[in-house]
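Undergrad: Two independent chains are provided; combine them into the complex using the hints.
Here is what each chain is made of, one letter per residue.
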Amino acid sequence: MPYPTDPSPELADYAHPERLVTTGWLAEHLASDHPGLVVLESDEDVLLYETGHIPGALKLDWHTDLNDPVTRDFVDGEAFARVMSERGIDRDTTVVIYGDKSNWWAAYALWVMTLFGHPDVRLLDGGRSAWMAEDRPLTREVPSAETAHYPVIERDDAPVRAFKDDVLAHLGGALVDVRSPGEFSGELLHMPDYPQEGSLRGGHIPGARSVPWARAAREDGRFKSRADLEALYQEDQGLAPNEDVIVYCRIGERSSHTWFVLTHLLGFDEVRNYDGSWTEWGNAVRVPVEQGAPSEHGAPSE
Amino acid sequence: MSDVPAPLAELIDDFGSVGPKDRLQLLLELSEELPDLPERYADHPDQLEQVHECQSPLFLAVEIVDDTVRLFFSAPKEAPTTRGFAGILHTGLNGQSPQAVLDVPDDIPFRFGLAEAVSPLRMRGMVAMLSRIKRQIRVSAEGRDVG
Numbered sequence: 001m002p003y004p005t006d007p008s009p010e011l012a013d014y015a016h017p018e019r020l021v022t023t024g025w026l027a028e029h030l031a032s033d034h035p036g037l038v039v040l041e042s043d044e045d046v047l048l049y050e051t052g053h054i055p056g057a058l059k060l061d062w063h064t065d066l067n068d069p070v071t072r073d074f075v076d077g078e079a080f081a082r083v084m085s086e087r088g089i090d091r092d093t094t095v096v097i098y099g100d101k102s103n104w105w106a107a108y109a110l111w112v113m114t115l116f117g118h119p120d121v122r123l124l125d126g127g128r129s130a131w132m133a134e135d136r137p138l139t140r141e142v143p144s145a146e147t148a149h150y151p152v153i154e155r156d157d158a159p160v161r162a163f164k165d166d167v168l169a170h171l172g173g174a175l176v177d178v179r180s181p182g183e184f185s186g187e188l189l190h191m192p193d194y195p196q197e198g199s200l201r202g203g204h205i206p207g208a209r210s211v212p213w214a215r216a217a218r219e220d221g222r223f224k225s226r227a228d229l230e231a232l233y234q235e236d237q238g239l240a241p242n243e244d245v246i247v248y249c250r251i252g253e254r255s256s257h258t259w260f261v262l263t264h265l266l267g268f269d270e271v272r273n274y275d276g277s278w279t280e281w282g283n284a285v286r287v288p289v290e291q292g293a294p295s296e297h298g299a300p301s302e
Numbered sequence: 001m002s003d004v005p006a007p008l009a010e011l012i013d014d015f016g017s018v019g020p021k022d023r024l025q026l027l028l029e030l031s032e033e034l035p036d037l038p039e040r041y042a043d044h045p046d047q048l049e050q051v052h053e054c055q056s057p058l059f060l061a062v063e064i065v066d067d068t069v070r071l072f073f074s075a076p077k078e079a080p081t082t083r084g085f086a087g088i089l090h091t092g093l094n095g096q097s098p099q100a101v102l103d104v105p106d107d108i109p110f111r112f113g114l115a116e117a118v119s120p121l122r123m124r125g126m127v128a129m130l131s132r133i134k135r136q137i138r139v140s141a142e143g144r145d146v147g
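Order-wise, the sequence lines are chains U and E. With the numbering used here applied, the first sequence corresponds to residues 1 to 302, in that order. With the numbering used here applied, the second sequence corresponds to residues 1 to 147, in that order.
So here's chain E without its partners, still in its complex pose (with noise of 0.2 Å):
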């Protein structure tokens, strides 16, 4: 999988090589690995753009820093689901160079086979996180062509 980061494309074999109860398992685990957000952003929650596909609140920010994407993510404990979305993301696209995080398929989402253990309509919550983190790589990029 020329077109996927290595983390990414790891995970996705992860996925791929146990059944849906186990996949609910790595989900899990995802986002309980979800880092916390730095103080720069906890303290100022106005700086995260709200995903309002996700069924649960879910914010997300990017850094590009030395030309790499840095993801931030705040999901509650309470919403496990979203917050694994977020976990696989940032797993699997944290450090990678814009371009990479660009070239990314839209469709990634559904290669994790959890379309058919948590319903194919919570997968827009991930399709719509990754669609604004490429939205918001594109702005910076922009802006720095400009400036």
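Here chain U stands alone, though its shape is the one from the complex (with noise of 0.2 Å):
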């Protein structure tokens, strides 16, 4: 049985209130026995579980976990059901996913366990920074979760996640550059203060709008506020819900934060995440690339 959708009125406005929960709902929940109930913590940096996290949570890497050692590609259904198995988690358990910069990881997290069509997958909003910056316990005993029997589910990637090819068919239709200004533009070829991860060529996809993944959250890493996402999306950039839209970055992890945004927040009904994204497209053989700061569509990024 899944649990109940968080009923606080902060969420109430979204499109699926059932995917995000408030650190008030998750520290209530997990106050008593929580059957069911399994969160995870998802980082960028691999150590940060280690150095204290949500009482009860348990870990679960991005590369090691979900992504396949050998090719470039996501675990297959066998390896997820191992790693799920391994968490306590089976396919009615209600998972609650956080981490560190406003849940980029864990919106990748999500979007995979989407891969798989695990039915009640939620972020908690905010993430990690959301719960110490309330002072909430941290801890670092790591617990032990009883093995449960995840089955081989076979990953439908087709409605949520889209490979080059679709993308070369999708040319002219929505897409969403959520990259910083600069990579956007092609003046850098990785996001300030990163390592550069080998693309050969700077830019974008022809027509992708630039809308900075980080414009979707607040300061303090909760999403913003439907009226202000719809300004940001719909009204700015002219994107509507009933589009087909392709989302991406640089490997598919700030895009998931958007793609999160876009199709749990604002209800869109077809969002992609290209996962390859620009080292996939920077480094690829005659696709089309255009440079320079946005123009055509809606106001210029910040």
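In short, the hints are calculated from the structure, not lab data. These numbers were taken from a predicted model, which means no experiment stands behind them. Hints are not guaranteed to be accurate.
Taking lysine-lysine and the DSBU-like style, the derived pairs with C-alpha atoms no more than 30 Å apart in a straight line are [stated by the list, open to error]: (1) K21/E / K77/E; (2) K59/U / K134/E; (3) K77/E / K164/U; (4) K134/E / K77/E; (5) K224/U / K77/E; (6) K224/U / K59/U.
TA: This is the structure in structure tokens:
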């Protein structure tokens, strides 16, 4: 049985409030026995969980748990079943994910769980920093989960994942580039202050709108209100909820955050994340590339 | 491993003798043992060099006193992996002679078995720290020759 939706009024306006929980909701449910509820932490910094985490939370590492070690792809159904089972998760479990950097990697983990169609997976609004800012408890104690029996599910990529060929077929349609303005224009091949990840060409996919992912988050890491998000994506950028939208960044992590916003907070019907993103497109032979600051769509980015 | 100073060789052994999960634990301990900056740097962050290749803000300074290298690092608590890399270099190289540090192979970061635990990409941060430390040592050695 899935847990009821967090009834907090601050979530009520979102299209799918059942995909978010507040820190208060989580604390309340963790305070007593909570069968069928598992909390996962997924961070950019792989050691952060070890420095202290929400009591009872288990670690889910985007690199070692969710990516295939050989092929550039996500794990298959068997590996995913193992990762879930080890954490005491079965198909009926309500999973709450949180992490650092405004839930950037938590959103990525949630998106990967969506590829496997996990029915009830939610984000903790504000993630790790919101929990810590409220001085809520952290522990270094790693809980031992009772192994569950997660079924082997064949990944269904098509609804929420786009490949390079899908993007080529989609050119002219709605594309959102969530990288920094410098990466979008082609001045930078990587995020400011981040290592270069080996793209040979700089710029963006032709026609893409530039909406850096962090514009969907507030200072405290929580998502902006629905009205503010509608202003950002629908009014400024002219995206429509019934439009087929593809989002991308560098390797598909930052764009998972935007995918979550468009899909679950604004209720867009068809949003796909192109996880090949710029590390694929910027290296691919003879795909079209556009350079320069955004100009055609709406307001310039910050 | 004659090409590696003893404390660094010892760390490589420590990491090599345990599995990936315990390697992370070791890295965490090293991140916690990283000393705070002395006041002369804490008050003058402009004297530190930023290592842009790291995924989190990491600053370092190198001093050579009595033919020994002294290393100083600054990285936020929210970036324990980056701090851990700095901790490896501090524990392994602080107090060595300039030549001993210059002789450390550039691929040393990959001998800790961490690439599989923390993703190969992040290892570049440690490679960059080492190369910037070596560059600073070379620069100050040249300065001394000229002076």
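Undergrad: Decide, hint by hint, whether the structure agrees.
TA: Each hint, compared with the structure:
With a CA separation close to 20 Å, the supplied pair K21/E and K77/E stays within the 30 Å bound. A hinted pair counts as satisfied when its Cα atoms are at most 30 Å apart, and K59/U with K134/E does not qualify at roughly 36 Å. At roughly 38 Å between alpha-carbon atoms, K77/E and K164/U are farther apart than 30 Å, so this suggested pair is violated. Distance restraint check for K134/E and K77/E: the Cα-Cα separation of roughly 25 Å lies within the 30 Å cut-off, and the hinted pair is therefore satisfied.
A distance of roughly 27 Å separates the Cα atoms of K224/U and K77/E; the hinted pair therefore holds under the 30 Å criterion. For a cut-off of 30 Å, the pair hint linking K224/U to K59/U stands: about 26 Å separates their Cα positions.
In the structure shown, a violation is registered for the earlier hints numbered 2 and 3, in ascending order.
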